[in-house]
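Number of protein chains: 2
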Amino acid sequence: MKRVDVQRRGIGMVCEGGRSMLKVWAPEAKQAFVCTREDKLPLTAQAFGYWSSELSLCAGDAYRIELDDCVYPDPASLCQPEDVHSWSQVVDASFAWTDNAWENPPLSAYIFYELHTGTFSEEGTFAGVEAKLDYLKELGITAVELMPLAQFPGTRNWGYDGVFPFAVHYAYGGAKGLQSLVDKCHEKGLAVVLDVVYNHVGPEGNYLSSFGPYFTDKYKTPWGDAVNFDDAGSDQVRDFFIENALMWFRDFHIDALRLDAVHAIKDMSAKHILQEIREYVDELSAFTGEHYHLIVECDLNDRRFLDERSLNGYAMDAQWNDEFHHALRVCAGVERTGYYADFNGPEHLAKAYRDAYVYDGIYSETRARSFGSKTDGLDGNRFIVFSQNHDQVGNRMFGERTSALHSFEMLKLLAAAVFVSPYLPLIFMGEEWGSGSAFQYFISHSDPELTDAVREGRKAEFSGFYEDGECPDPQAEETFQNSKLDWNKLEAYPHKCLHEYYTFLIAMRKDLQALHSGDRSGVRTSVTDPSGMLQLYRSAPGQDLVCLFNFTKQQQHTDVPGLPENAILLLDSAAKQWEGPGTAPQESPSRILLQPESVLIILWR
Amino acid sequence: MKRVDVQRRGIGMVCEGGRSMLKVWAPEAKQAFVCTREDKLPLTAQAFGYWSSELSLCAGDAYRIELDDCVYPDPASLCQPEDVHSWSQVVDASFAWTDNAWENPPLSAYIFYELHTGTFSEEGTFAGVEAKLDYLKELGITAVELMPLAQFPGTRNWGYDGVFPFAVHYAYGGAKGLQSLVDKCHEKGLAVVLDVVYNHVGPEGNYLSSFGPYFTDKYKTPWGDAVNFDDAGSDQVRDFFIENALMWFRDFHIDALRLDAVHAIKDMSAKHILQEIREYVDELSAFTGEHYHLIVECDLNDRRFLDERSLNGYAMDAQWNDEFHHALRVCAGVERTGYYADFNGPEHLAKAYRDAYVYDGIYSETRARSFGSKTDGLDGNRFIVFSQNHDQVGNRMFGERTSALHSFEMLKLLAAAVFVSPYLPLIFMGEEWGSGSAFQYFISHSDPELTDAVREGRKAEFSGFYEDGECPDPQAEETFQNSKLDWNKLEAYPHKCLHEYYTFLIAMRKDLQALHSGDRSGVRTSVTDPSGMLQLYRSAPGQDLVCLFNFTKQQQHTDVPGLPENAILLLDSAAKQWEGPGTAPQESPSRILLQPESVLIILWR
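Protein chains in written order, with UniProt numbering: chain A, 1 to 605; chain B, 1 to 605.
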């Protein structure tokens with residue numbers, strides 16, 4: 001990889017050597033100053049409402065911005081060492097990188113491991129993650145996906161309440177800590193994916209509106225007024241987020257961004273903000289010679305997000321496919337309430353294997369309207385699938401992982417269902433050994449009213465679901481502590497076995513082109529009624545493969561006519577090797593008996 | 001043209017022969033009835049919240065719909081003979097058409113004449129329009145564009161307060177009157193364009209929300225909650241408007257729809273409602289063998305509305321190009337306030353001639369953001385231009401036409417600027433003879449509070465602009481009467497001359513491929529600084545042409561090097577023939593002197 005210096009677009013405080021330059025957008029301000037602990041220096045008005053000045057601040061110096069007699073932290077602050085309300089700190093973004101040999105692999109090689117820095121390790125820091133990189137490498141994953149790191153109020157938060165998009169959370173280790181982690185990941189051959197939030201800003205410590213029209217009341221989102229991507233002043237708001245995307249790639253060597261909930265980005269401009277981010281990121285690629293991946297979380301089932309620019313698409317590299325998850329979890333027996341009501345089990349899982357979107361123009365009862373578009377022609381590597389993720393775990397009242405909800409046999413079945421898909425697999429930290437810790441919703445706001453509102457909102461959300469049991473208090477330190485991974489259990493029965501099983505699955509996927517290929521043309525499925533047995537055929541040149549899924553709690557037969565004699569059983573999740581009841585006795589080579597909640601993978605060449 | 005019966009999609013009351021069928025959407029209703037003056041019959045619940053019944057009602061019968069003890073008119077009523085609050089009337093949509101020989105011309109042949117049925121003729125009816133068809137034919141226009149006809153409260157309204165999208169306004173002559181008018185237009189060789197409003201519904205007599213979720217608070221529009229095109233229940237709302245579009249083509253033989261303000265249609269579905277309307281309309285075309293044109297009013301400068309479906313576009317045939325108007329009016333000396341502030345005169349007009357959109361990605365001061373996309377590759381026939389229209393006239397406090405604002409010479413200059421463009425020309429009723437009538441904003445609501453609110457809103461809108469002078473009362477009968485065309489002036493000086501001039505311009509445009517071709521590749525412009533002289537070159541095989549515009553109040557020279565000897569002067573707007581000061585004396589063939597506020601058109605082959 002050729003790394004070259006690319007000019008910052010010039011937002012926020014840029015510090016190099018002993019000099020620094022501040023540029024801040026405050027179009028309505030009559031006067032603007034930068035305040036240090038000792039001094040107050042005027043900023044000069046520039047075009048389009050920007051204010052700037054060259055300064056002699058050095059890395060580590062504290063500063064704030066005064067607009068018309070009110071003092072605020074810098075919206076583009078790179079560091080908030082005290083809290084979200086207080087001083088910003090100058091950061092020198094340079095770093096002694098040792099990853100010159102690193103090349104960002106194509107997305108098709110990504111096997112994602114989503115983790116929350118604060119709860120992944122006992123330390124709850126980047127150093128804590130670093131200490132586990134060898135473990136992750138040995139597991140076989142290729143990409144570490146970090147939940148959002150932007151500075152949030154307090155020290156406990158999922159990250160989606162971040163209010164300083166440029167400031168790496170101080171308690172995690174700040175900018176230097178992240179740079180060190182990325183450098184180490186690259187040394188180990190691991191890519192780094194960062195979750196970023198461009199659709200809203202957290203409720204506490206959000207001073208953006210004091211600076212300019214960062215929000216617009218033209219559109220409503222679940223978090224209130226939408227970020228202003230298409231109203232007056234939006235050029236500068238767009239620049240702010242574009243610069244943010246560029247910063248992660250340029251200054252932190254991040255390999256891919258996961259853009260949170262882009263369905264809540266409302267933009268009726270002729271050029272959508274995602275198209276513009278794509279253009280700027282590709283321009284950076286032209287400098288560095290490296291492709292940076294842009295992944296979106298999107299619940300619109302709209303291929304426009306993935307289509308090329310020449311087709312008026314947004315040209316995102318990939319998107320999360322929640323519908324695969326929903327169909328899979330219904331197969332596993334989750335109650336069909338809420339969004340699960342739209343999914344019928346094996347038939348829909350089969351559709352997700354073939355078509356990516358289950359709702360691809362058909363009528364959705366839950367949404368009470370027709371929904372989605374077809375994904376014809378899009379490679380499987382454009383979609384990311386999982387049997388659980390931070391949301392699917394943490395948005396349950398008790399934050400139960402699948403390990404707390406399903407049998408051990410089902411955990412193995414769920415895992416295989418993900419790793420044999422034509423899509424990119426993602427696992428959620430601890431899933432690979434069936435960690436028993438919950439991943440609960442936790443915050444540490446300092447505003448008591450806000451805290452009460454979040455608490456009550458959380459209770460109200462689940463009021464219909466759980467009749468007994470107290471809703472965990474999101475603000476309690478205990479809720480956070482309970483959500484930390486209990487690594488001491490890893491070596492115990494049956495966690496160790498599950499961990500070995502995941503390691504095996506990952507290696508198998510990497511080995512077999514018929515599995516890791518994103519070519520969906522060879523994907524065939526069949527579902528047997530009424531047993532619900534699902535067959536998934538996959539193929540690559542010289543490789544054919546069938547996966548037989550039994551999601552039921554009974555033994556089931558399934559007919560696999562025409563299996564050649566040289567077919568080999570690659571995996572039986574029920575095998576004794578995987579602490580299962582053992583492979584079921586077979587009567588005939590074309591009529592196969594499966595144990596309850598098990599999967600067989602059969603290969604021939 | 002092959003006309004065949006196409007099945008109604010089955011919304012509202014369908015009456016054929018002596019039988020009728022009612023289908024109404026009321027997803028929340030527990031009971032639904034159809035009420036006649038004598039009777040009350042239950043409707044049967046169908047899938048997706050529809051209610052229906054076969055009935056023995058005949059054309060002319062009155063009916064209403066009762067939902068859970070409340071009685072309403074039918075949202076899909078075809079006729080409201082009393083008012084917007086009262087009985088609906090059964091209409092048999094069949095008609096003794098005589099237009100079998102009619103073929104809808106390609107849009108490239110359209111020369112639009114926009115008219116408001118209520119004020120175009122003394123009668124204020126379709127019959128009044130019919131009586132003037134020979135006049136329009138002789139003028140040379142090829143398409144009559146009718147402002148919206150949907151039933152509105154009272155008898156005086158522009159039409160944008162319509163509340164029954166399927167009911168042709170009773171006072172204009174109703175459904176039969178419109179069918180007769182269209183039949184006569186086709187007999188004369190005139191296409192008919194209808195303005196339809198799918199972005200909002202008027203404020204009085206709108207009972208839609210009593211029937212179902214026709215609106216969503218997800219998005220704000222200038223008229224309040226947006227029409228629900230992408231929220232729960234939107235399939236049925238979409239069907240309602242799709243059926244409306246189909247009805248005009250199928251039952252009224254309309255040739256093109258002009259979709260009002262589609263920028264206020266908010267739809268984040270994977271398939272935009274305009275894409276779906278296009279699909280259904282094309283399906284109808286497949287039956288009838290005729291292409292129906294879909295034209296949009298859109299202020300987003302977004303080519304997505306015009307791009308083909310294969311490019312994820314909305315595949316509209318054409319759009320109004322207000323920016324051409326704005327640039328032209330600034331050339332003519334209109335004050336650069338409001339949206340005019342973004343336009344600088346001849347340079348921007350030259351850009352509009354070349355690029356269609358002036359704001360095609362560049363920064364707009366008025367919008368305080370970068371705006372628009374480039375139109376490369378789109379034919380000129382995809383854009384409709386004008387020097388005035390109902391909005392540009394009527395949205396002034398006094399509703400002054402250009403004839404009340406500019407000199408006679410400037411009127412001729414403005415007209416030529418439109419007819420020599422590579423875009424489709426539109427004129428607003430009476431423009432062609434410089435009618436002195438205003439076209440003011442008028443309503444006839446029955447709700448006094450609403451009337452006051454409209455009155456006050458209108459005053460507030462113009463409070464900054466006019467210090468003296470009372471704002472005309474929109475509710476006053478006089479305001480409506482003042483807006484009627486004063487046809488008795490047509491034969492008087494100088495109206496008759498202007499009328500002849502427009503007739504000449506239209507004929508000239510039709511004659512010359514270099515003018516009516518939408519091929520923009522031959523469009524070149526130059527603007528001389530500081531005189532502001534604008535040269536527009538157009539060409540077609542074997543035809544070259546230059547238009548020289550002098551928007552100033554002084555004589556101006558302009559250099560036209562290399563004019564061949566056989567070049568002929570096609571038009572001098574200052575000629576005595578056109579009641580001008582006479583062609584300016586020429587010193588040299590390549591340095592041409594223009595009279596103030598005049599245009600020369602020179603042709604060579």
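Mixed in with the good hints, there may be bad ones.
Since the list gives no way to pick out one identical chain from another, each pair is judged satisfied if it fits inside one copy or across any two copies.
Listed below are the simulated SDA-like cross-link pairs for lysine to any residue, each with C-alpha atoms no more than 20 Å apart in a straight line [claimed, not checked]:
{"id": "1", "residue 1": "Lys374", "residue 2": "Arg278"}
{"id": "2", "residue 1": "Lys132", "residue 2": "Thr142"}
{"id": "3", "residue 1": "Lys218", "residue 2": "His263"}
{"id": "4", "residue 1": "Lys374", "residue 2": "Glu276"}
{"id": "5", "residue 1": "Lys23", "residue 2": "Thr558"}
{"id": "6", "residue 1": "Lys271", "residue 2": "Asp376"}
{"id": "7", "residue 1": "Lys271", "residue 2": "Gly377"}
{"id": "8", "residue 1": "Lys553", "residue 2": "Gly518"}
{"id": "9", "residue 1": "Lys137", "residue 2": "Glu587"}
{"id": "10", "residue 1": "Lys374", "residue 2": "Gly313"}
{"id": "11", "residue 1": "Lys489", "residue 2": "Ser210"}
{"id": "12", "residue 1": "Lys40", "residue 2": "Ala567"}
{"id": "13", "residue 1": "Lys553", "residue 2": "Gly345"}
{"id": "14", "residue 1": "Lys271", "residue 2": "Tyr363"}
{"id": "15", "residue 1": "Lys271", "residue 2": "Glu365"}
{"id": "16", "residue 1": "Lys271", "residue 2": "Asp307"}
{"id": "17", "residue 1": "Lys30", "residue 2": "Ser209"}
{"id": "18", "residue 1": "Lys220", "residue 2": "His263"}
{"id": "19", "residue 1": "Lys271", "residue 2": "Ile362"}
{"id": "20", "residue 1": "Lys510", "residue 2": "Tyr363"}
{"id": "21", "residue 1": "Lys137", "residue 2": "Glu335"}
{"id": "22", "residue 1": "Lys220", "residue 2": "Ala232"}
{"id": "23", "residue 1": "Lys489", "residue 2": "Ala62"}
{"id": "24", "residue 1": "Lys271", "residue 2": "Ser446"}
{"id": "25", "residue 1": "Lys218", "residue 2": "Ala261"}
{"id": "26", "residue 1": "Lys271", "residue 2": "Gly313"}
{"id": "27", "residue 1": "Lys271", "residue 2": "Val334"}
Everything labelled a hint here was simulated from the structure, so no lab data went into it.
Against the structure, the hints come out as follows:
1. Lys374 to Arg278: between (23 Å within a copy, 18 Å between copies)
2. Lys132 to Thr142: within (14 Å within a copy, 76 Å between copies)
3. Lys218 to His263: Classified as both; 15 Å inside a copy, 13 Å across copies.
4. Lys374 to Glu276: between (24 Å within a copy, 15 Å between copies)
5. Lys23 to Thr558: So lysine 23 and threonine 558 fail the 20 Å test inside a copy (66 Å) and across (47 Å) alike.
6. Lys271 to Asp376: between (24 Å within a copy, 15 Å between copies)
7. Lys271 to Gly377: between (24 Å within a copy, 17 Å between copies)
8. Lys553 to Gly518: neither (31 Å within a copy, 68 Å between copies)
9. Lys137 to Glu587: neither (41 Å within a copy, 86 Å between copies)
10. Lys374 to Gly313: Cα proximity of lysine 374 and glycine 313: in one copy and across copies (14 Å, 16 Å).
11. Lys489 to Ser210: Answer is neither; intra-copy 48 Å and inter-copy 59 Å both fail.
12. Lys40 to Ala567: Close neither inside one copy (77 Å) nor across copies (71 Å); limit 20 Å.
13. Lys553 to Gly345: Only inside one copy: lysine 553 and glycine 345 sit 14 Å apart there, 77 Å across copies, limit 20 Å.
14. Lys271 to Tyr363: between (30 Å within a copy, 13 Å between copies)
15. Lys271 to Glu365: Only across copies: lysine 271 and glutamate 365 sit 18 Å apart there, 33 Å inside one copy, limit 20 Å.
16. Lys271 to Asp307: Answer is both: 14 Å inside a copy and 14 Å across each meet the 20 Å cutoff.
17. Lys30 to Ser209: within (16 Å within a copy, 47 Å between copies)
18. Lys220 to His263: both (12 Å within a copy, 17 Å between copies)
19. Lys271 to Ile362: Answer is between; shortest inter-copy Cα gap is 12 Å, intra-copy 28 Å.
20. Lys510 to Tyr363: neither (37 Å within a copy, 49 Å between copies)
21. Lys137 to Glu335: neither (35 Å within a copy, 69 Å between copies)
22. Lys220 to Ala232: Answer is both: 17 Å inside a copy and 16 Å across each meet the 20 Å cutoff.
23. Lys489 to Ala62: neither (43 Å within a copy, 77 Å between copies)
24. Lys271 to Ser446: Intra 39 Å, inter 44 Å, cutoff 20 Å: neither.
25. Lys218 to Ala261: Classified as both: same-chain Cα gap 18 Å, cross-chain 16 Å, threshold 20 Å.
26. Lys271 to Gly313: both (10 Å within a copy, 13 Å between copies)
27. Lys271 to Val334: neither (41 Å within a copy, 31 Å between copies)
When the structure is compared with the earlier hints, violations turn up for hints 5, 8, 9, 11, 12, 20, 21, 23, 24 and 27 and for no others.
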